[in-house]
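Enquirer: Can you build the whole structure from these sequences, using the hints too?
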Amino acid sequence: MKTESKQPTAAKEKQNAPAPDNRSGDNRSGDSRASGNGAGASAPPANIAGTTVEQRRELLRSMLLQRRFEERCAEAYALGKIGGFCHLYIGQEAISTGVMSMIRPDDYVITAYRDHGQALARGVSPRSVMAELFGRVDGCSGGKGGSMHLFDAKTNFLGGHGIVGGHVPIAAGVGFAIKYKRGNQVCVCFFGEAAVNIGAFHEALNMASLWNLPVIFIIENNRYGMGTAISRSTANEDVIIRAKGYRMDGESIDGQDVFAVRDCMARAIERARKEKRPTLVEMKTYRFMGHSMSDAVSGTYRTKDELEENMKRDPILLLHNKMFEAGELTEGEMHKMDDEAKAIAQDAWDFADASPEPPLEDLYKDVLADSTS
Amino acid sequence: MPVVTYRDALTQALREELQRDETVFLMGEEVAQYNGAYKVSKGLLDEFGPMRIVDTPITELGFAGVGVGAAMVGLRPIVEFMTWNFALLALDEVVNAAAKMLYMSGGQYKMPMVFRGPNGAALQLSAQHSQAWESWLAHIPGLKVCTPGTPADAKGLLKSAIRDDNPVVFLEGEMLYNTKGEVPEGEHIVPIGVAELKREGDHCSLITHGKMVLVAMKVADDLAKEGINIDVVDLRTVRPMDVDAIARSVQKTNRAVVLEEGWEICGMGSQVVDFIQRECFDDLDAPVLRVHQEDVPMPYAKNLERAAKPDAGKTVAAIKKVMYLD
Ligand SMILES: Cc1ncc(C[n+]2csc(CCOP(=O)(O)OP(=O)(O)O)c2C)c(N)n1
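Residue numbers (this note's numbering), protein chains in the order written: chain H, 13 to 385; chain F, 10 to 335.
Treat each hint with caution, since some may be false.
What the hints assert, rightly or not - Just the calculated beta-carbon pair ranges, DEER-fashion:
no. : chain 1 : residue 1 : chain 2 : residue 2 : range
1   : F       : Asp320    : H       : Lys316    : 25 to 33 Å
2   : H       : Arg194    : F       : Pro249    : 53 to 61 Å
3   : H       : Glu87     : F       : Tyr118    : 54 to 62 Å
4   : H       : Leu319    : F       : Asn187    : 47 to 55 Å
5   : H       : Glu87     : F       : Lys189    : 28 to 36 Å
6   : F       : Glu56     : H       : Asp118    : 50 to 58 Å
7   : H       : Asn218    : F       : Lys329    : 56 to 64 Å
No wet-lab data here; the hints were simulated from the structure. No residue lacks a Cβ here, since even glycine has one placed at the ideal position from N, Cα and C.
Expert: Quick look at the structure:
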């Protein structure tokens, strides 16, 4: 790996942030090795007051980075620098941001193919993410995974996975290992609402509840699985009802509101750390782009009007407005943060562009581990 | 003869068979309102309605099973998998149910159904989305496995598959859908289990199927410029396999190379080589060589993907080797 001249991740600024209050559960900037307290005793209120100003700025920075980074991904895709399938997260950033701001560095994250935003929010270096997308040796998966398969052991980012629902039981397996080793981490598992119809989802939820596994299953309900509206694929659109079927706590929240995401996570994290119980969460959101770079943004399956209506609830805008109204953010500051996000995205692009292709010897590397036996 | 894309050839076959037989229906993810993930079912919802062109949830195991049940009691389902990578989730219904139903019911329940969709690698889709499954599926008694490489074969074989009273696995290709070729209008049937000699030459036999047929044709063109003329044997169906066609060609050329998209170990080529050693042992002037994907999951990076895939250059080299020209 090349050494990075500058660490462009949001994590760096976190080092300078004041220690979070205990209620927020955000100890990424403080004592990351907290042993037994987890998310803390009581859930913070679902409003701006549950966070410090610096935390709110941090949330905004993270969301801006994901947005600006992915805008560059779209550009790079058009230029052929990124190939294959490329699923953008734009519109859903409050979820990744809210969730990652609540968990600890030693917790685990696993997700599907729409994984760029989550990787960045988790603190995977933007350079290594972009290099992966460019198929370069400095990519977080060595250039072998691409957009759908971002992995980063340093941040316990257990990957982007390409088969709908396939990683949901894997999350239960991570939960099993946590329990086995008597740890108090949690495993957070993201997937789309269309994945709740696949068998693996049901099998995983049943085991997680049966065996009391510390897993937080997050349905990012953006209402469409590719071109299929949830009403056309799912007998009961109220997907959170499925928690009941597995005697699991379930909660449905506004996934465009980063504070609602954090509140809900505080409760789920506490349940996982203290009671070793899984939670199913539905976070209602909307994807602003096509299913992937090769799909239409709107068309037969959703109207332009519907899209525009939902874009009014852009999570970045919502947070910006709240902070602006509270008088803690000026337009000038917002511009500056935005410029910083763009600069990090540019730096990631430049880094990726300069990174070499993987050497041909890598073709046969890592098919099997070197076995010691 | 009209020149149409592989995609349109498949659409023609679907449309004609849906018109011909009311018990035929198509189901799968995005097949109806979205016109198919790869637009193979474009326009069919409008023409045949939602009872016959059925959008499913993302539930491969479930809807493959629905197809099996419907086939048991008189319908002729066409189950589309968005790609065969996702059909892995449905293999229980394909292998444990569809393939064995007739046999384990002592001949009482036949399975007139088709499982179809794109197979193999496209471009930079990496490990989970770039896999050629034909040798897995061809391993199973009770299945037929079609691998058309041209638009005409796609149409003719799909019509045969839909009319067949057995479960037919039908493997298409994302990279094939836009390729063009002459396709007869209306009734055009290619029988299952019959190979086609797509190019004739005396120097070597190149035996292949599916997407690699295009590569084989390029190889034949390239070699012809050097004065090397090869047979291109397109198997078209890998189960049952047209052993006679393979033997006829190898007995003529005395040399063979087998080209396939998938992995080497237990690949389709292993079976072809086995047939050759049994049928043509005394005819061979050189060991048979195989060209296939490198024995690794498909990497994402462009240069590694290129190195992993079988291609014309590797095939030319293999042919020259069996001709002792290198
Ligand atoms: C088992 C399986 N079937 C089909 C696909 C193709 N596919 C990829 S994403 C997708 C839609 C999934 O929608 P959802 O789970 O809601 O997640 P979103 O894409 O909206 O984030 C489909 C059908 C797949 N990857 N895996």
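Enquirer: Please go over all the hints and tell whether each is borne out by the structure.
Expert: Against the structure, the hints:
Evaluation of the 25 to 33 Å hint for aspartate 320 of chain F and lysine 316 of chain H yields a failure: the beta carbon distance comes to about 43 Å. The hinted window of 53 to 61 Å between arginine 194 of chain H and proline 249 of chain F holds, with their beta carbons roughly 57 Å apart. In this structure the hint that glutamate 87 of chain H and tyrosine 118 of chain F lie 54 to 62 Å apart at CB holds, the actual value being about 55 Å. Checking the proposed 47 to 55 Å range against leucine 319 of chain H and asparagine 187 of chain F shows it is violated: the Cβ atoms sit about 29 Å from each other.
Range check, glutamate 87 of chain H to lysine 189 of chain F: Cβ separation about 32 Å, and the 28 to 36 Å hint holds. One distance hint, 50 to 58 Å for the beta-carbon pair glutamate 56 of chain F and aspartate 118 of chain H, holds here, with the actual separation near 57 Å. Separation of asparagine 218 of chain H from lysine 329 of chain F is about 58 Å and conforms to the stated range, judged on CB atoms against 56 to 64 Å.
Of the numbered hints stated above, those contradicted by the structure are hints 1 and 4, listed in ascending order.
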